[in-house]
Amino acid sequence: SQTIHQWPATLVQPVGSPLSLECTVEGTSNPNLYWYRQAAGRGLQLLFYSVGIGQISSEVPQNLSASRPQDRQFILSSKKLLLSDSGFYLCAWSVRGGELFFGEGSRLTVL
Amino acid sequence: DAKTTQPPSMDCAEGRAANLPCNHSTISGNEYVYWYRQIHSQGPQYIIHGLKNNETNEMASLIITEDRKSSTLILPHATLRDTAVYYCIVAYPGYNTDKLIFGTGTRLQVFP
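Respectively, the protein sequence lines represent chains A and B.
Heads up, the first sequence is in my numbering, so the first residue is 1 and it goes up one at a time.
Heads up, the second sequence is in my numbering, so the first residue is 1001 and it goes up one at a time.
No lab work stands behind these hints, which were simulated from the structure alone.
It is possible that part of the hints are untrue.
[Said to hold, decoys possible] Think about it this way: if two alpha-carbon atoms lie no more than 20 Å apart in a straight line, the pair counts; the simulated SDA-like pairs of lysine to any residue are:
(1) A:Lys79 x A:Pro8
(2) B:Lys1003 x A:Glu59
(3) A:Lys79 x A:Pro18
(4) B:Lys1003 x A:Thr10
(5) B:Lys1003 x A:Gly43
(6) B:Lys1069 x B:Leu1051
(7) A:Lys79 x A:Glu22
(8) B:Lys1052 x A:Glu99
(9) A:Lys79 x A:Leu111
(10) A:Lys79 x A:Leu19
(11) A:Lys80 x A:Arg42
(12) A:Lys79 x A:Ser58
(13) B:Lys1069 x B:Thr1005
(14) B:Lys1003 x A:Arg42
(15) B:Lys1003 x B:Gly1103
(16) B:Lys1003 x A:Val60
(17) B:Lys1003 x A:Leu46
(18) B:Lys1003 x A:Ser58
(19) B:Lys1052 x B:Asp1082
(20) B:Lys1003 x B:Leu1051
(21) A:Lys79 x A:Pro69
(22) B:Lys1003 x A:Glu99
(23) A:Lys79 x A:Ser1
(24) B:Lys1003 x A:Gln45
[What the hints assert, rightly or not] Footprint (simulated), chain A over chain B, 3 or more residues, beta carbon under 8 Å:
(25) 1035-1047
(26) 1100-1108
Backbone N, C-alpha and C fix where the C-beta goes; we use that ideal spot for every residue, glycine too.
One chain only, chain A, in its complex shape (with noise of 0.2 Å):
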């Protein structure tokens, strides 16, 4: 069966500190991943998606990337956090499109 790791689960980071979150998804083949975020009290934003290993696709501009070294390995990364980066970050994967299946999620706080 598939399953979706990301880690760490919970974060908290210095202003101007980098950032590193993983994810990987076990059981499936090629499949699409995303990076969502949810800020407090709010819906999800895309941030990123990824049909293939390094293609990334950026919905927003911000000081966030993206990477896809591997074909089941999706990472998102800052060089330096802002405040607004604080929310709860969730990566997910889809083989057909419109069924995803979410990570435990991490919370970021930027203090």
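Following the hints, complete the assembly by docking chain B onto the known chain A.
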């Protein structure tokens, strides 16, 4: 921008049916309607999807109007554990489909 419109909140008594509406007037012919829910501090969970026929599974029923411009998610016997934010999304489920956009959803509160 999301292609769907949902009421921001709804209440439902435990044991009664919860009927959650969604408008998607600009849906295209090959787009499906998907429903997800998000319980507080968890990742969203897939519920059900459909194209034009009504669908039912162990969690819910999906009723899509004949013109496909709106749909209703039905939780037949709501429980307290169904309290969550429910998202309606339209998307094409093809291989290599790109972005899936969530709207703000409907916050369903089930009360005893």
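Outcome of the hint check:
1. A:Lys79 x A:Pro8: 17 Å, holds
2. B:Lys1003 x A:Glu59: Given that 20 Å is the threshold and the Cα spacing comes to 16 Å, the pair holds.
3. A:Lys79 x A:Pro18: 4 Å, holds
4. B:Lys1003 x A:Thr10: It is violated: about 32 Å lies between the C-alpha atoms, which goes past 20 Å.
5. B:Lys1003 x A:Gly43: 14 Å, holds
6. B:Lys1069 x B:Leu1051: 11 Å, holds
7. A:Lys79 x A:Glu22: 15 Å, holds
8. B:Lys1052 x A:Glu99: Distance of about 17 Å is within 20 Å: holds.
9. A:Lys79 x A:Leu111: 15 Å, holds
10. A:Lys79 x A:Leu19: Measuring from Cα to Cα gives roughly 7 Å; hence the hint holds.
11. A:Lys80 x A:Arg42: Given pair Lys80 of chain A, Arg42 of chain A is violated - Cα atoms ~23 Å apart, limit 20 Å.
12. A:Lys79 x A:Ser58: 16 Å, holds
13. B:Lys1069 x B:Thr1005: 11 Å, holds
14. B:Lys1003 x A:Arg42: Judged against 20 Å, a Cα distance of about 17 Å means the pair holds.
15. B:Lys1003 x B:Gly1103: Holds: Lys1003 of chain B and Gly1103 of chain B sit about 8 Å apart, inside 20 Å.
16. B:Lys1003 x A:Val60: 17 Å, holds
17. B:Lys1003 x A:Leu46: 14 Å, holds
18. B:Lys1003 x A:Ser58: The given pair, whose Cα atoms are some 19 Å apart, holds under the 20 Å limit.
19. B:Lys1052 x B:Asp1082: With a Cα-Cα distance of about 25 Å, the restraint between Lys1052 of chain B and Asp1082 of chain B is violated, given a limit of 20 Å.
20. B:Lys1003 x B:Leu1051: 15 Å, holds
21. A:Lys79 x A:Pro69: 18 Å, holds
22. B:Lys1003 x A:Glu99: 17 Å, holds
23. A:Lys79 x A:Ser1: Given pair Lys79 of chain A, Ser1 of chain A is violated - Cα atoms ~35 Å apart, limit 20 Å.
24. B:Lys1003 x A:Gln45: OK: Lys1003 of chain B and Gln45 of chain A at ~14 Å, within 20 Å.
25. 1035-1047: holds (count 8)
26. 1100-1108: holds (count 6)
The structure fails hints 4, 11, 19, 23 (numbered hints given earlier, in ascending order).
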